[in-house]
Amino acid sequence: MADTIYVGTGHGLFVCQRVGDRYEVTGAGLEESHVTSAVAREGVILAGTTNGVYRSDDYGRTWRGASEGLGVRRVRWMAFHPDVSDFEFAGTEPADIFISHDGAETWRECPEVARLRDEHRWSLPYSPEAGCVRGFAFHGSRAFAGVEVGGVLRSDDAGETWRLAEGSSGDPEMENPPEPLIYPDVHSIVAAPTDAAAPAILFAPTGAGLYRSSDGGAQWASLYECYCRSVWVDPWDGNHLVLGPADAVEWNGRIEETRDGGKHWSPASRGLEVPWSDYMVERFAQIDDELFAVLSNGQLLCTPVKTLEWKRILDKLEGMTCITAMQS
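Mapping of the sequence shown onto the numbering used here: residues 1 to 328, in sequence order.
Since the hints were made in silico from the structure, they are not lab data.
Positions of the beta carbon are idealized from the N, C-alpha and C atoms, including for glycine.
Hints should not be assumed to be uniformly reliable.
[Claimed, not checked] DEER-style ranges, computed between Cβ atoms:
(1) G27 / D289: 23 to 29 Å
(2) E105 / E32: 18 to 24 Å
(3) D288 / G71: 32 to 38 Å
(4) D288 / G238: 15 to 21 Å
(5) Q327 / R259: 23 to 29 Å
[Unchecked claim] Derived lysine to aspartate or glutamate pairs resembling DMTMM-like cross-links, with alpha carbons at most 25 Å apart:
(6) K306 / D288
(7) K263 / D215
(8) K306 / D289
(9) K316 / D289
(10) K306 / E273
(11) K306 / D195
(12) K311 / D278
(13) K263 / E179
(14) K306 / E290
(15) K316 / E32
(16) K306 / D278
(17) K311 / E24
(18) K316 / D21
(19) K306 / D260
(20) K311 / D247
(21) K311 / E256
(22) K316 / E24
(23) K306 / D234
(24) K306 / D237
Build the full structure now, drawing on both the sequences and the hints.
Encoded structure:
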């Protein structure tokens, strides 16, 4: 269990310490910022906001701007490369990818993403902007990104350059594409734990359900027809998934799991009263042996991974958007 977690909200980022069996807020920063994504590693916290990236070198006590070279200021997703120190990623709205090799001191645009965005006319159903990047996954020298609404991007040089994955047409039209193409309204993307030399096994929650690829995004198959935004893949068992499905956008949200790779699904909402009539799971995040679920109504749930018995935490905080903890 983590002793400290960092929770982003629509009104800043909060430092929360474990006290017994609960977490309590012990610090806050970026109070005027809408934090959309946060990552923490090697003593550095990076917070993506609707107005750029901020960096803390003292565990969230003080912050400074870290957006030099970030040509699009509205950040939707941040990530570290898991195998490369000081290699950071920012996905933005409108859709673009920026990378940094110096702890977010400077950023470089990956211009091929913007070219794909303009060529295919990516879009968003709730915003005038041209799509957004809202998820990264890594598998050895390959990297993947989810685009709402645009599909899946792939990199074969660890994230330096990007192209459309073969199983993604890049066409943002909302009609269901035939397999082996993925539905273009991609909300996040996760790689299963497999040998880095083997093809990546990917899972992508979309506006038409959960999709799986066993060949690094070349071909996709639908596992569950629903509306979903986040999936957790067990790092010890790639057939064990926890999903936050809904019947439509934020309607009848719930939590379900499969232990056979998606052939059969069962409720995994112990401790909760579901379905939720007007909200759903926005993000899952595993920290040590606990799984967290950020809900679209700004609440935060937590459970031991082994039991999937959920409880609400930090109920005095409003508008929670993301959660992270310091990695070594």
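Hints, one by one, checked against the model:
In this structure, G27 and D289 meet the distance hint of 23 to 29 Å, their C-beta atoms being roughly 24 Å apart. Taken as a hint, the range 18 to 24 Å holds for the pair E105 and E32, whose Cβ atoms sit roughly 22 Å apart. Between D288 and G71 the beta carbons are some 36 Å apart, a value that agrees with the proposed interval 32 to 38 Å. Between D288 and G238, the C-beta spacing of about 20 Å keeps the proposed range 15 to 21 Å intact.
The beta-carbon spacing between Q327 and R259, approximately 27 Å, falls within the hinted interval of 23 to 29 Å. Only pairs whose Cα atoms come within 25 Å are accepted, and K306 paired with D288 is accepted, the gap being roughly 12 Å. With a CA separation close to 19 Å, the supplied pair K263 and D215 stays within the 25 Å bound. Proximity of K306 to D289 is assessed by CA-CA distance (about 8 Å); at most 25 Å being required, the pair is judged to hold.
At roughly 24 Å between alpha-carbon atoms, K316 and D289 fall within 25 Å of each other, so this suggested pair holds. Among the hinted pairs, K306 with E273 is consistent with the structure: their alpha-carbon atoms are about 20 Å apart, no more than 25 Å. Between K306 and D195, the direct Cα distance comes to roughly 24 Å. Compliance with the 25 Å bound is thereby established for this hinted pair. Restraint check for K311 and D278: the C-alpha separation of about 19 Å stays at or below 25 Å, so the hint holds.
A distance of roughly 17 Å separates the Cα atoms of K263 and E179; the hinted pair therefore holds under the 25 Å criterion. At roughly 8 Å between alpha-carbon atoms, K306 and E290 fall within 25 Å of each other, so this suggested pair holds. Proposed proximity of K316 and E32 is supported: the alpha carbons are some 18 Å apart, at most 25 Å. Under the criterion of a C-alpha separation no larger than 25 Å, the hint pairing K306 with D278 is inconsistent with the structure, at around 28 Å.
At most 25 Å may separate the alpha-carbon atoms for a hinted pair to count; K311 and E24 meet this at roughly 15 Å. The straight-line distance between the Cα atoms of K316 and D21 is roughly 16 Å, inside the 25 Å bound, and the hint therefore holds. Between K306 and D260 the alpha-carbon distance is near 17 Å, which keeps this suggested pair within the 25 Å criterion. For the suggested pair K311 and D247, the alpha carbons sit about 23 Å apart, so the restraint of at most 25 Å is met.
Of the supplied pair hints, the one linking K311 and E256 holds, its CA atoms being roughly 15 Å apart against a limit of 25 Å. A C-alpha spacing of about 10 Å is found between K316 and E24, which places the hinted pair at or below 25 Å, so the restraint holds. In summary, the hint linking K306 to D234 is supported, as the alpha carbons are separated by about 10 Å, within the 25 Å threshold. For the hint pairing K306 with D237, the CA-to-CA distance comes to about 12 Å; that is within 25 Å, so the pair holds.
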